[in-house]
Amino acid sequence: MSASLARRLKAIAPILARSASSQSSAVQALLQKNASDVVITFAMRSPMGKAKKGQLKDVPVDELLSELLRASLEKTKLDPAKIDDIAVGTCHPPSPLYISRAAALAAGIPDSVPISTINRLCSSGLMAIRSIAHSIQAGDAEIGLALGVESMTLHPRPTPMLSEGVAKTTKANDAVQPMGWTSEMVAEAYGISREKQDHYALISHTRAAEALQRGFFNDEILPIKLSDKILAQDDTVRPGVTAQSLAGLKPVFPQWGPATTTAGNASGVGDGAGLVLLMRRDRAEKEGMEILGKWIGSAVVGVEPKLMGVGPIKAIPAVLERFGLEKEDVDIFEINEAFASQFAYCVETLDIPIEKINPNGGSIALTHPLGLTGVRQAITGLSELRRRNESVLCTSMCVGSGMGAAAIFINEARR
Amino acid sequence: MPPPLHPPPLNVQTPGFAHYSLAWSPFHNSRLALASSANYGLVGNGRLHIVSLLPGSVNGLNIDKQFDTQDGLFDVAWSEIHENQLAVASGDGSIKLFDVMINVREGDLPIRIWHEHTREAFSVDWSNIRKDQFMSCSWEGSIKIWTPELQRSVTTIPAHQACVYQALYSPHLPDIVASCSADGTLRIFDIRAPVSAQSLTNPVALPALTVPGSATELLTLDWNKYQQFYIATGGVDKVIRVWDCRMIRLGADANSSGPGGGQIGGACEAYLAGHEYAVRKVNWSPHRADVLASASYDMTCRIWTTKQGVPSSLLYIHDAHSEFVSGCAWSLYDEGILGTCAWDCRLNVFRPEF
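Just so you know, the protein sequences line up as chains A and B, in that order. The numbering of the first sequence is this note's numbering, which starts it at 13 and goes up by one. The numbering of the second sequence is this note's numbering, which starts it at 208 and goes up by one.
For reference, chain B alone in the conformation it holds in the complex (with noise of 0.2 Å):
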């Protein structure tokens, strides 16, 4: 019997223009936003592109618009309140608003600039519970959270001494924020804490909790949407861990625990190990608490379940990118459908079969 054949993934090109992130619109089930970069995020321009599914298309994707900027992008959140509006990371550490309807020529404008960050800014996340809050961190080493209203950040947290490369909202508490950095390390913020430096010659903040992720450095994690407090992390380690953090104390408690600073722990609830080069983006599937999909510098993204008791922890490997594969992000809408996109200038689209 012939093996069962699968569709080949919707897919689109982007010629010139490296992919470091996709996100999925929160408002239209066939909408989702591309981060790019020329010459690979090393010098050069950036170019944000507005790209719907077009099915019974040729390709299946259509690029509708595109913004230009002048340095990469690197990350790239839609707003959770005006379904317009989305937020970019740049390298020069800026954070841009720009507005998909303001539509008046080719590379046009943000509509907001925000130039706090004094390095590469390389995450952005909006909170769906705060639902006029947004969040970036950088290579400077902090998190800083802001509104569209504000023209300049509500709070500035120095989250660690190295790289930050990504930041993300806890799904369920709207206070709590995670980060991971090249030092190694996953950590936990209650915003609500007073941002006290331990000192000036140690100017960061005290986490709530601080988890020793790996030896090299974490690139990317992602908050579990069904357990609170179960949180996955990538890295130059070639691992993707699920750690269990419900050990956390918060609130008030948060920063109590005596000098040092906030807990250390976390339990390493999962150990996903595959990837022949780093991980560099994981992202939970918001349909299935025990699924979640990886990119890899390997080139492939991979789907893997966090179940006990299964023959194999690998669900699937999509190895259609012939580059890094920089970002995987689930359908909101669509069960089961993900998207992925790579240094190759390539967004797939696709339903994997596991």
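Looking at chain A on its own, in the form it has when it is part of the complex (with noise of 0.2 Å):
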């Protein structure tokens, strides 16, 4: 009897979680809209790559960006003289606003449209959209695209040269040591063991792996022509990844600190391209578009240059009490996993249900092109949420260098 009633109850649960869920009045306000809202009108991306490996691994930045322009003006069906601003998102490639301002006009972009890049380590597609957005709010624009680009490819990080007077101040010198260096320091600093970081990117592979045999990535990538192939699916999850392989993993700098970071629990090297389509509301409304999202805020800080893997851990409640949001609001959280074990430390310190975050896994398993992830973020959490009918996403990520950055977007479409 205790049983089936056990199970009776469970079953009725989720049912009733997810129907009784009464909005908060915080949420109720970010649900209204307004004609000056900023909304997202499209949000796709490039299929990824392994890099040096993968199906982008010959392709150049710029070839990468035009292509993705011109799939998504095809797409969209946007006339592009009407657009006021792009913005791109981007970390490593050589003269970056050359190439990105070539890629617009080689992709039929008139040249009245102007554009800028911007550099904010891993959160740059992050800080695209946000640079659009705000001179969407500050009247400079009505339209702008925000785009988010890296090929690791053929622009892995250069190696950061200080002179000797700078590397004097300890931080200083600790904020151009190498991402690695910050995962094994976060791994010592809080005891965060193997164990618990194979944990977490099994967690990533596994929800990776199924959201890939579900087609839920279908959603979100824009097939693009390249070199003769069209290109429509990441080569990037691995399906069949488990404790005992991840176990098996030798570590990957075993120079630092415990050696606990493996190339199974940090976040894959790839290479891919997204796009944002944000405008006011009420153009969105006369140009026919359809509104899929709307941005709300973003918040940026700083943190020990040392653990610069614990952004998020500052980034996520400073962005969250900016709107009178509790973290029981958010829907979904898509945090960037750039190793498992400063994710690890960012989950268990925010308190944040593992269901909730990154639940078609995240950069672990998918790959973290640096320029894109801030912008596949937004995408792969507004995708999730319009495939279930929710509301609420907070993207957030690591910075590097010793940063962090969130953000808070708002799913108004169906699937």
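A hint or two may mislead.
[What the hints assert, rightly or not] Residues of chain B placed beyond 12 Å of chain A at every Cβ, according to the derived structure: (1) Leu249; (2) Val250; (3) Ser259; (4) Leu260; (5) Asp275; (6) Asp299; (7) Arg319; (8) Ile352; (9) Thr354; (10) Arg359; (11) Tyr372; (12) Leu426; (13) Arg453; (14) Leu539; (15) Glu542.
[Claimed, not checked] In silico lysine-lysine, BS3-like type, Cα no more than 30 Å apart, as pairs: (16) A/Lys45 with A/Lys94; (17) B/Lys514 with A/Lys45; (18) A/Lys87 with B/Lys514; (19) A/Lys180 with A/Lys87; (20) B/Lys432 with A/Lys298; (21) B/Lys514 with A/Lys89; (22) A/Lys64 with A/Lys298.
Derived from the structure by calculation, the hints contain no laboratory data. Glycine is no exception: its CB is placed at the ideal position from the N, C-alpha and C atoms.
Fit the two chains together into the complex; they arrive one by one in their own frames, and the hints show the way.
See below:
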């Protein structure tokens, strides 16, 4: 009797929990629709490729950008002359502004449309969205494109060099160290074991493999033509990852700290690009564009450079507080998995149920093309909210040199 | 001008017994059956009610007979071959067959009991093609095919690794069944295909088609009565979707598509959003190919059209219930008559105007 009662209560719990969750007044305020809102009418990305081996390994950044722009214009039927501004988030390609401008012109965007590039490392894509959203809010623009792009194959992180005088300051020196070192420092400082890191890595790999199998990424990938091939699927997800296979991997940074980071519990290295089209709500309605969601706002913070991975622990509460939200008000979190060490520590410190975080896997499984990730999190999170018919997305990432960023988006679309 | 007055729905109450499902008789246009449970189906007895329409009487509906059961009743299906018989699915996993005419005393016993499901049996459906056959599904993940003549099930299909909430025969093809589950998938099985579990550790039959229908639980499905392989689903994500599954390969091809099992797919033809809580039941009109009704935990029953190019796909909202609406079913004889039942212990029968 008691077993069946427990079973029946459990069966009805998700129905009641989901249905009866009354939205807080803060959420209700954010759900309101005003003519001056910054809305997203299109959010898609290229397929991603494994660095050095994958489908994008030979594709230069200008070509990737240009083809994504061309495919997006075709798909949205947007007259490119109506674009008021473009921002591209990208980290390491040389002369990023020149190649971005060239890519836009080659994609058929008229020379009257200006462009800029933004680099705040792993948050660059989010910063591009933020820059365009702020321009629209300020009245400088009505329609803008935000892109994120990175070829980790062709442009890996160049080693920063400091002058002797600057390097004397410990934190200054910490700020330019390799990311793997910061991962080991977080693992050491907070005692994040190899087992725990592998546990969180396995969640990412498993969820991504299942999402891939269920075709979820097809909702966010815009097939693009590159070197005469139509590419429509990521080649980065590795189905079949197990706890045993993760446990068998050798440390990649044996020289630092506890040496717990492996190729299986660090973010994958990959290439890719994504694009978000933003405009004022009244303009979107005038243009007859379908509205997918709404930009709410963001927060950027600084943290100790040596422990760069803890950025979300400061950034997420900062953005929630700005808009009067509790973490329970958020339906999905997309928190970047730079390394399982920092991700595990962030998840457990923030005390958010893992069910709400990266429901279709994160950068550990999907890869982390630096400039793309901030854009991808918005695309992936909004796509999952559409699928669930839910509303509030919070994206966040740690940022190299010791920073964090977070943003809130609202889904308004149905699948 | 005052708004047009709609007559109030015909209405009958079953105090203390919350409704789980209703079914119209395929033989008599004024008879229906109601599956219900004490304590909202969480613990305690079940009761099957036989109800008839009495045009002209005070509330228009009369409870003719009731059968009590040990555990809650979650679904009911009328026999397609015997006008007085009907099968019920019970919380203790048992399937029972009652005969309305065997009328000895209050709380009459069933004429057959099958007890093979190990968890709650949640739906029963009688084949309207092979009229001696019916089917049940259970939270242990299986579908079972039965005939009243045999003491044991004819076939067991291990359909899902999670609760199966509903399983229904295709109204067009005798060997094709569809099921939906807490795992979020809609599956179509060809019962002629041998039940070859994929492996000992993954004992699930190979579906001819798996539709990843929702990121959350799928609670209900229904086959369109006019278009073959059009299936509506509803569930915890509050949305009703209509799937075109005509790409399915059947018969000898059904389980020959390599490892991993069957085809995966299904084109989402319609997306009907509006319910504010989970969708508990969907039912296509037997008279119109584009019309379906849905019952929801938001305490409404809604009527939708899947026609393209209409101003709104939502045609009508029935909000007379004061608790979760658990069942809705179109009359098989009188076009446009709908029955709804709910946890407020009220059965409504009415003609929605749209």
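Hint by hint, here is what the structure shows:
1. Leu249: The claim is violated: B/Leu249 sits with its nearest Cβ about 5 Å from chain A, within 12 Å.
2. Val250: Given a closest Cβ separation of 5 Å, the condition is violated.
3. Ser259: 31 Å, holds
4. Leu260: Holds, because the least Cβ-Cβ distance between B/Leu260 and chain A comes to about 31 Å, which exceeds 12 Å.
5. Asp275: 18 Å, holds
6. Asp299: Label violated. Min Cβ-Cβ 8 Å, cutoff 12 Å.
7. Arg319: Holds, because the least Cβ-Cβ distance between B/Arg319 and chain A comes to about 23 Å, which exceeds 12 Å.
8. Ile352: 24 Å, holds
9. Thr354: 28 Å, holds
10. Arg359: The claim holds: B/Arg359 sits with its nearest Cβ about 24 Å from chain A, beyond 12 Å.
11. Tyr372: Per Cβ check, B/Tyr372 is inside 12 Å of chain A; nearest 9 Å; violated.
12. Leu426: 8 Å, violated
13. Arg453: Holds, because the least Cβ-Cβ distance between B/Arg453 and chain A comes to about 18 Å, which exceeds 12 Å.
14. Leu539: Holds: least Cβ distance 29 Å, greater than 12 Å.
15. Glu542: B/Glu542 is indeed farther than 12 Å from all Cβ atoms of chain A, at 31 Å.
16. A/Lys45 with A/Lys94: 23 Å, holds
17. B/Lys514 with A/Lys45: This hinted pair holds, its Cα atoms lying about 29 Å apart.
18. A/Lys87 with B/Lys514: It holds: about 25 Å lies between the C-alpha atoms, which stays within 30 Å.
19. A/Lys180 with A/Lys87: Given pair A/Lys180, A/Lys87 is violated - Cα atoms ~52 Å apart, limit 30 Å.
20. B/Lys432 with A/Lys298: 41 Å, violated
21. B/Lys514 with A/Lys89: 26 Å, holds
22. A/Lys64 with A/Lys298: 44 Å, violated
Hints 1, 2, 6, 11, 12, 19, 20, 22 from the list above are not met by this structure, while the remaining hints are.
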